[in-house]
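Participant: This is what each chain is made of:
Number of protein chains: 2
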Amino acid sequence: MVGTGPGGLKHITPAATEAIAASEVVVGYQTYLDLIPELLTGKEVVSSQMMKEVDRARQCLELAATGRKVALVSGGDPGIYAMAGLVFEMARERDDHVVIEVIPGIAAINGCAARLGAPLMHDFAAISLSDLLTPMALIEKRLDAAASADFVIALYNPKSKKRTDHIVRAREIILKHRGPETPVGIVTAGTRDHETVTLTTLGKMLEAEIGMQSCVIIGNSSTFRWRDYMVTPRGYTGKYSLAE
Amino acid sequence: MVGTGPGGLKHITPAATEAIAASEVVVGYQTYLDLIPELLTGKEVVSSQMMKEVDRARQCLELAATGRKVALVSGGDPGIYAMAGLVFEMARERDDHVVIEVIPGIAAINGCAARLGAPLMHDFAAISLSDLLTPMALIEKRLDAAASADFVIALYNPKSKKRTDHIVRAREIILKHRGPETPVGIVTAGTRDHETVTLTTLGKMLEAEIGMQSCVIIGNSSTFRWRDYMVTPRGYTGKYSLAE
Chain G
1 MVGTGPGGLK HITPAATEAI AASEVVVGYQ TYLDLIPELL TGKEVVSSQM
51 MKEVDRARQC LELAATGRKV ALVSGGDPGI YAMAGLVFEM ARERDDHVVI
101 EVIPGIAAIN GCAARLGAPL MHDFAAISLS DLLTPMALIE KRLDAAASAD
151 FVIALYNPKS KKRTDHIVRA REIILKHRGP ETPVGIVTAG TRDHETVTLT
201 TLGKMLEAEI GMQSCVIIGN SSTFRWRDYM VTPRGYTGKY SLAE
Chain E
245 MVGTGPGGLK HITPAATEAI AASEVVVGYQ TYLDLIPELL TGKEVVSSQM
295 MKEVDRARQC LELAATGRKV ALVSGGDPGI YAMAGLVFEM ARERDDHVVI
345 EVIPGIAAIN GCAARLGAPL MHDFAAISLS DLLTPMALIE KRLDAAASAD
395 FVIALYNPKS KKRTDHIVRA REIILKHRGP ETPVGIVTAG TRDHETVTLT
445 TLGKMLEAEI GMQSCVIIGN SSTFRWRDYM VTPRGYTGKY SLAE
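The listed protein sequences derive, respectively, from chains G and E.
This note's numbering puts the first residue of the first sequence at 1, with every later residue one more than the last.
This note's numbering puts the first residue of the second sequence at 245, with every later residue one more than the last.
If you're looking for bench data, these hints aren't it; they were derived computationally from the structure.
There could be a bad hint or two in this list.
Below, simulated EDC-like cross-link-like pairs (lysine to aspartate or glutamate); rule was C-alpha separation at most 20 Å, straight line [unchecked claim]:
1) G:141 x E:384
2) E:385 x G:140
3) G:141 x E:388
4) G:10 x E:262
5) E:254 x G:18
The calculated label-pair distances, taken between Cβ atoms and stated as ranges, are [unchecked claim]:
6) E:412 x G:68: 39 to 49 Å
7) E:379 x G:136: 31 to 41 Å
8) E:480 x G:207: 30 to 40 Å
9) G:207 x E:338: 49 to 59 Å
10) E:409 x G:236: 17 to 27 Å
11) E:437 x G:99: 14 to 24 Å
12) E:298 x G:101: 34 to 44 Å
Computed from a predicted model, the values in this text were never measured in an experiment.
By construction, the Cβ of each residue, glycine as well, lies at the ideal position given by its N, Cα and C atoms.
With these hints in hand, go ahead and build the complete structure from the sequences.
Facilitator: Right under this line is the structure:
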């Protein structure tokens, strides 16, 4: 399982490139494969559409079980809200004896944070707002717990065409614990050609464009905006002096 | 600010390599610079020792303010418990007009998760156990909040030579919410030559070797061990069937 990072070829590690080069078959969601055409020359390519993750994982394991070297390509990091868990779950179910290796990639959360400045410098929580596989009550509990303990919060899957209300609810819950001036960064399609970066606040964030490819980062009580950067300081206790 | 990932050259992105190549001066903690000798040829190198982060950040900004291109190298991702926040804090303080760019790297959390299998597949919280810059009461509050809301928990700075009791306390707090059989993964010096990977449980984790370079990942209530892998399933609701 190979992570190709947030977008362009410049954020794919040599380890990932070599794993794809060493494979006989490359399996992946078409949108991610389109980002790495140079790596697919001479490979058997099996692409598939969104929402077919279970089929894709099964196909990989079946191919690998016949002795072929298969690279399952994920955007970002395969281990962060991506395909790695599903492949292991299914391999356990099938009792497959294939060898599975995970090659990490720059996760969306890291790529987006870098574009914003340094919002994740202190303790943070990553929460997906998709309730396809997780009850909304648990998502709400996590939002409340993370907000109450002053974690920086990174929201994955903040919104889809059909699901537009979870981000509204998430903001409500976080506003119980943090002020409306709390900095919020929104990065959509981070590091890709059509990337957008928005710096806003918890009060105004719903006015910004948020979509399926967006990562939303909500600051903690110390996070500040400086110029076009969103920055969370390293600590709380003022033990270090920045001046001479 | 350039992230060089968890260890060897194979996990450094082309974007990071190019940023170092384009710089005139490379600044970094000696241990990280030792991992990338190939990238330092022909550069002015300013290395420094641990615990001098403030000096290092100031030196970078002073050099950059004279018009020089400076690469401040961080292991992992500069935006995750590393130098990026400090540089921005100090630049604000100095009111510097230098251009700052963050090149993300594979963070320790991603590298360690990949070595363990897929422990971070669902909502997770990253918590540092160092109280150098954060009051222990807040660290404990975060541990409790994250454990109570069933986050997978990744512990940074779990232990140092002087500070050996925080990991004991962290385990106690998490045990209030999770069973002793909860899988725990410990990766030390992930992807480096002397890497060690340990799969244990919340009950037995203190018997394992944990050090300054360790990242400790504690599963949520659904995380399981399968062979030598630690896996958190994608969801809770069983909406997808793995069988035909």
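Participant: If a hint holds in the structure, say so; if it doesn't, say that too.
Facilitator: Comparing the hints with the structure gives:
1. Restraint check: the Cα-Cα separation between residue 141 (chain G) and residue 384 (chain E) comes to about 18 Å, which is no more than 20 Å; the hinted pair holds.
2. Between the alpha carbons of residue 385 (chain E) and residue 140 (chain G) the distance comes to roughly 18 Å, so the proposed pair stays at or under 20 Å and holds.
3. Restraint check: the Cα-Cα separation between residue 141 (chain G) and residue 388 (chain E) comes to about 13 Å, which is no more than 20 Å; the hinted pair holds.
4. Restraint check for residue 10 (chain G) and residue 262 (chain E): the C-alpha separation of about 9 Å stays at or below 20 Å, so the hint holds.
5. Of the pairs offered as hints, the one joining residue 254 (chain E) and residue 18 (chain G) holds, with about 9 Å between alpha carbons and a cut-off of 20 Å not exceeded.
6. At roughly 47 Å, the beta carbons of residue 412 (chain E) and residue 68 (chain G) sit within the given window of 39 to 49 Å.
7. A C-beta distance of roughly 33 Å is found between residue 379 (chain E) and residue 136 (chain G), which places it inside the suggested range of 31 to 41 Å.
8. About 33 Å separates the C-beta atoms of residue 480 (chain E) and residue 207 (chain G), a value consistent with the hinted range of 30 to 40 Å.
9. The beta-carbon spacing between residue 207 (chain G) and residue 338 (chain E), approximately 33 Å, falls outside the hinted interval of 49 to 59 Å.
10. Our hint of 17 to 27 Å for residue 409 (chain E) and residue 236 (chain G) holds, since their Cβ atoms are close to 20 Å apart.
11. At roughly 22 Å, the beta-carbon separation of residue 437 (chain E) and residue 99 (chain G) lies within the given 14 to 24 Å, and the hint holds.
12. Range check, residue 298 (chain E) to residue 101 (chain G): about 39 Å between beta-carbon atoms, so the 34 to 44 Å window is met.
Hint violations for this structure: number 9 only, all remaining hints satisfied.
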